[in-house]
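Visitor: Make the complex out of the two chains shown on their own, each in a separate frame, by following the hints.
Protein sequences, first through last, are from chains Y and Z. First residue of the first sequence: 35, per my numbering; consecutive thereafter. First residue of the second sequence: -4, per my numbering; consecutive thereafter.
No lab work stands behind these hints, which were simulated from the structure alone. Among these hints, one or two may not hold up.
Derived lysine to aspartate or glutamate pairs resembling EDC-like cross-links, with alpha carbons at most 20 Å apart [what the hints assert, rightly or not]:
| # | chain 1 | residue 1 | chain 2 | residue 2 |
| --- | --- | --- | --- | --- |
| 1 | Z | K424 | Z | E82 |
| 2 | Z | K154 | Y | E245 |
| 3 | Z | K320 | Z | E260 |
| 4 | Z | K154 | Z | D2 |
| 5 | Z | K424 | Z | E403 |
| 6 | Z | K154 | Z | E82 |
| 7 | Z | K320 | Z | E300 |
| 8 | Z | K324 | Z | E260 |
| 9 | Z | K154 | Y | D246 |
| 10 | Z | K154 | Y | E244 |
| 11 | Z | K424 | Z | E395 |
| 12 | Z | K424 | Z | E436 |
| 13 | Z | K154 | Y | D188 |
| 14 | Z | K154 | Y | E127 |
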Amino acid sequence: MSPGAAAALEGAFPDGTFEAPVEADAWAVGGARPLGIASPGSVDELRQVLAGAARAGVGVVPLGGGTDRGCEAPSGPFVVLSTRRLAGIEDYEPADLTVTAAAGTSLADLERALTERGQWLPVDPPHRHRRTLGGLVATGAAGPLGTTYGAPRDHVLGLTVVTGDGRVLRLGGRVMKNVAGFDLVKLVVGSRGTLGVVASATVRLFPRPEEDRALVIRGVRPGELIPLARAVATSPVVPASAVLVAPAPGRGGGALIVRLQGASAAVDADAARILAGSAVDAERVAGPDASALFDTAADHAAHGEVVVRATALPAALAEVMSAVAEALPDAAVAADVLAGRIRAAIGDAARTSAEALATLRTRLEALGGSLSLERAPSELVAEVGAYGAAGRSGALAASLRRRFDPGRVLSPGRFVA
Amino acid sequence: MSPPLPDSLLRRLRELVGAEHVITDPDRLLVYEADGLTAYRWPPRGVVLPATTEEVSAVMRLLHGSGIPVVPRGAGTGLSGGALAPEGAVVVGTARMTRILSLDPANRVARMQPGVVNTRLSEAARPHGLYYAPDPSSQTACTIGGNVAENSGGPHCLKYGVTSRYITGLTVVLGDGEVVELGGAGHDPESGYDLVGLFVGSEGCFGLAVEIEVRLLPLPEGVRTLLAIFDTLEDAGRAVTAVVGAGLLPAALEIMDQSSIRAVEASVFAAGYPTDAGAALVVEFDGTEAGLEADAERAEGLCMEHGAREVRRARNAAEREALWKGRKKAFGAFGRLAPDLIVQDATVPRTRLPDVLARILEIGASHRLRVANVFHAGDGNLHPKLLFDRRDADELARVEAASREIMEACVAAGGTITGEHGVGVDKRKYMRLVYGTAEIEAMRAAKEVFDPAGLVNPGKVLPDPEAEATR
Chain Y
35 MSPGAAAALE GAFPDGTFEA PVEADAWAVG GARPLGIASP GSVDELRQVL AGAARAGVGV
95 VPLGGGTDRG CEAPSGPFVV LSTRRLAGIE DYEPADLTVT AAAGTSLADL ERALTERGQW
155 LPVDPPHRHR RTLGGLVATG AAGPLGTTYG APRDHVLGLT VVTGDGRVLR LGGRVMKNVA
215 GFDLVKLVVG SRGTLGVVAS ATVRLFPRPE EDRALVIRGV RPGELIPLAR AVATSPVVPA
275 SAVLVAPAPG RGGGALIVRL QGASAAVDAD AARILAGSAV DAERVAGPDA SALFDTAADH
335 AAHGEVVVRA TALPAALAEV MSAVAEALPD AAVAADVLAG RIRAAIGDAA RTSAEALATL
395 RTRLEALGGS LSLERAPSEL VAEVGAYGAA GRSGALAASL RRRFDPGRVL SPGRFVA
Chain Z
-4 MSPPLPDSLL RRLRELVGAE HVITDPDRLL VYEADGLTAY RWPPRGVVLP ATTEEVSAVM
56 RLLHGSGIPV VPRGAGTGLS GGALAPEGAV VVGTARMTRI LSLDPANRVA RMQPGVVNTR
116 LSEAARPHGL YYAPDPSSQT ACTIGGNVAE NSGGPHCLKY GVTSRYITGL TVVLGDGEVV
176 ELGGAGHDPE SGYDLVGLFV GSEGCFGLAV EIEVRLLPLP EGVRTLLAIF DTLEDAGRAV
236 TAVVGAGLLP AALEIMDQSS IRAVEASVFA AGYPTDAGAA LVVEFDGTEA GLEADAERAE
296 GLCMEHGARE VRRARNAAER EALWKGRKKA FGAFGRLAPD LIVQDATVPR TRLPDVLARI
356 LEIGASHRLR VANVFHAGDG NLHPKLLFDR RDADELARVE AASREIMEAC VAAGGTITGE
416 HGVGVDKRKY MRLVYGTAEI EAMRAAKEVF DPAGLVNPGK VLPDPEAEAT R
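Pulled out of the complex, with its shape left as it was, chain Z reads as follows (with noise of 0.2 Å):
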């Protein structure tokens, strides 16, 4: 436990960003022990609140004059543990920095506060026949700050690419409180480095996004949502490969496999899914209303001739919520199987789906878990779920172990340890899996130059290097 910040600075905190948003009782603190990660626990040592940039870049150099760590932090649902306090560090939290700055249709970009929420950019937006692409499954929570951390993805990534594509400029403030320029919709990227691209996915550990602006498309004039169900996960799999090969280019592509399909029919999110079907794909098309019917109709053939049971057809928005449910909610959906759940996420190219998913499958039954699989199909990343109890001290070491073996597997196939919930803590121990000391350290190189006192977010990302030493 850390010792309590000293009064003196608590009173400076208080002076900068008001007394009521410096958070020091601990059972006001216990929010910010954990994050979506939430088999771990780290108090904080306390919260502070900010408004705007001059309070966050205030409080960045009063922390930084003491010696003290900071911890971003957006709304908390990050999956690997990257909000968590280590020892003796504040959480800056962007909680209350939530105004749109600016919403530019003629040019189709925005500028915001990290607070932002991601639904809520795409809500101001569709007046104008906008909206804002990344739509990660956390999106009615997660913030936009939190996106640019974690460089998040979603279920629509495959035709529309990930956070890093639509962020255009970041205002940032670093470790020692310096604000710094990057990008900026007009500036020519061809002019210097993408540091933009650089600070996206850096998860917290370069500094702390102020400003955020990004790009902004026109909704699509249509929408064709279908439904798939196959007795087995492998003709699944087929289906989407025959998708792909046909030339098709679906906005989504996922699958859920029949311990989800079951977790889901069992709880309030039941979407009407046969439990006794192997696999559930969703394939999903949208743009010119007048190509969609050819492109859904050639999909279902598709899926038809590769096995489907049947094909649903969303006719109408709400039939598309529907069948989108069971996706959206799996997550909550298992949440009455097992006291605790374990998300993995990992990516293998596409064609190695088939094989790596029955490794999974193998690696739980040898260790006797349970596992369900939900994955984005048409990028090859996978989600894993592990369901366990942590008071149970033998499955949670068999958690751990299947983890990494499963890391391991995926790897192996040529795929890497996260495709879009970060390294955080969780992962750490899995950066050598993919790297060797020469890119390791010219990551540590690049967060130097960017946090030279080693002060924002510590502890995250790259290995251990003590633990290292003693291996």
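Next up, chain Y with everything else stripped away, as it sits in the complex (with noise of 0.2 Å):
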């Protein structure tokens, strides 16, 4: 961009928000660069810059963390949001377990602010201390946690969102049961930028509980561990979550990773319950050890230039894990075995081709499931698509966006047509 144009552009923006990028690859969305970095620091701020933008007719794309920015690139010239000025609890009450913060309050920070009261907010999806709670709410992105516990979208009691024409909206509230209106806060949430910004948010909370354990059975080939993990899946015991991780840490192979919660008495019970009967190994983590662990587990198909997400029904695990692991030969894997969800990466992106994504993708739809990119060059995602054709949600989606967002401002190209 010519000096003249990036000033032209500060112009349209409130005074000091907006700078333009001297790492514009470290803001880069979908491989396309951004003109430059728009940083609200209020919900005031946040409407100027969309109707700035909306003047200067380039889109805006909102980021937390940039930890999951998706791996589509807006259809013309945008700048990105940052959240990072609109961050900070803003009311914590620990007895009625709710807690309301700014969007670009780091899960980081929330989880330290939380830990002191003994609670905590039950979600783990990968690079999870990397993230915002506005790009958890944007996202709507669950880790293993969420079959157990429930997704972001079952955590967020109350919004405050900005439309793409600028209007402020006050969704929900801060209280645990609300159907006053139609449910637009699940509207919301999972609409990664395209309906609204997201400038801050109310979550419910959960006690920490007394006994957070790890379950950790190992097998020479991933293949073997799958009997195992389709029987807890299957049992009577709820686990808090059961990841499947291939190639195993440091040590190759596969490892079932079963997360036990709850007193003492009860998680002895469990482990034992779930392991009768059967005549493998299981190696008991506990403490910071079962943290980190629960913490590799939820990146370790997180990180590489094709990072893909394939769902199916939970009895496919079987199917879907061989599937994926000819269409991404020695693809790290994750399979979040309670949600039948599996996310695969591979470093190196010549591995993989388009071809053999598309036929991944059919195999798995053929299963009733599905596959999204989350991450991979822009040549393939123009070739493959981010999402399949059954993950869009036609002409109700499409129509649903033009109301929130009529001048297509927002996250341009991306996500729902």
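Guide: Structure (structure tokens):
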């Protein structure tokens, strides 16, 4: 961008909120560089940034921690809207089990405050510590704890959102049960910055369990752990999560990591029931080692040039694992066996192809599942598409998008047509 | 009174669903005049009872083409008037859509038609060691379709969450008859808008859910139920705070106040609660057997520390049923105390419960009304019951005034106007207490996306624009 154009663009935003990036690549979205970074410090400035972008005819892509920015490039010139200046806990009532925080608050900061009061927000998507609350809401990203505790959609009680055309909506509230009006909170959670920019969120919390332990079962080949993983998923015992990772960190082979929480006696009994009748040896991990292990498992298949997310019915685990292995040879794989969601990553994009990914998507869709690309080189994304046809919600979604962002300012060309 | 439906239309409706499933006889329509909100009676112009997705689609398309509004209806147990038929509307009932289409234990999902009764689903799942978690108090009558429309709660939401957590996919018929698939187990929920989440709780205003896919949970290995008797409501409230503060996560935490205890004990549902008690608290834990005893003991200790007069423990399923009986039947028990009853529904942040409850009693007294409270203490969801006689116009007016003041008090405490019963007809007038124009217009926009013609359950949820214009 020429210095003149940059100055003109800067003039469209509130004073001191805009900068042309020094390292534009660090802010790239789907391989495309932004024209600059706008960092509003208030809801009012956020509105002005959106209005300024609309006047200047550029798109706006909201980013929090930037860990899960999607692999689709915006359809035209754009600026990144960073929520880094919208940070901090606004209201925390431990006895109500709720907290309200600004969008740019990191989950790590939030966790520190909650831990002091013996509480937590049970979410564990990849790169958890670097995510922001706003990013968690915008992506709706669930980790392995999602089946037992609920996904972000189930934890978000209220939101302040600024729509593409600058309306400030205060949706939901800070109470546990609320059916006053249509549930626009659900619509916004997971809408990936295409309907509005999340300015703050209220989420429900849980007491930290007395015990939080891992049961680790190792296998030489990941395939031999699949029957055990399925046994866990259909057992009357409800683990907090169960993740099958391959290759196992530092050891090769594979490992099934079952997370058990609750009173000490209950965790012991659950572990005994899960292992009853099976000949395998399990390693029991507790305390900080267990926490580190859960984080390692969550991030296990989330690094590399190509990262994909495969979903299917949980009982199709074996088929999905083998289909993924064919399309992405030697991939790091982390399977959330309770949800039926498998993340796979390869370091070198040359090890796969558009054809292999398209075939994988077809196979998954035949199983009632889907394939989404989380990270991939732009040529691959252009050829394969980030989401399958089933992922796009069609005319209703497109129509909702028009009603929230009539000027098509937000994340143009991404996520939902 | 709306004019009768044209003969040509009736003939086509009868062809579509069978003559006996199109109701126009005034005597047979009586049942459909009201739902659980009995203060209102709105006779529909007719009732159609389709049996299949294709029939629903054809019926909706036909009525849409004639410009006739439709009202989806399940069992009619709703408490906010959501199934009442506005002027000129035809009810599309799900009474014949009662098939469980599939029950898949390996994936813990079931798919069914909307007319399946809530408890029947859990009964069907039980042989597989599974159950359906949301358990509204009307669960032996209410349908899964109605639960989807209302995003129903129940006493076990504290630990397990509300209906929206358990709906994985929907097939819906829109106003013009179009059949749309939303979500589905196996589908990636992070690959598009959460239209299932948006549809759940839309109170029949977006369309009619004709197939519902739900997630089932394994039956807990064990359950422990305690009943703690307190001299005062305040003590019971403090005990709840202590239990939650101790890091325990009960499956349910329910309180009944003195008026409710007395009503239950004077009724056929008498459960043996002492009638001089200020409050009764039900605490329930479920999960792995080995951990339950310790949880129950800690809760019992905390109740005693906070002034419980006694704590009873259910030793078996029959005793557990007995402890719950008073709570679950409280609604019915009021029947003998007054001809009419309004069950209010609001949620406040849990820590605000004691002052809000005191304020509700004050409001009742100032309007010379009998008020009783039963509530989900764990999640701050209150159900004040106002007793009255609707033939007494003055008393009815006082009930209206007290209801509004209760809503205002709950909103002022940081709460909301409905936690699980919905807005329907009854609470449209309170929507402005919690939302401004921007939020209401955004909700209206969502409604228009699903129902551009405005013919699906019109006149519900959103405030009446005409009434607002004349304010």
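Visitor: For each hint given before, does the structure comply? Return the numbers of the non-compliant ones in rising order.
Guide: Violated hints (numbers, rising): 4, 6 and 7; every other hint is consistent with the structure.
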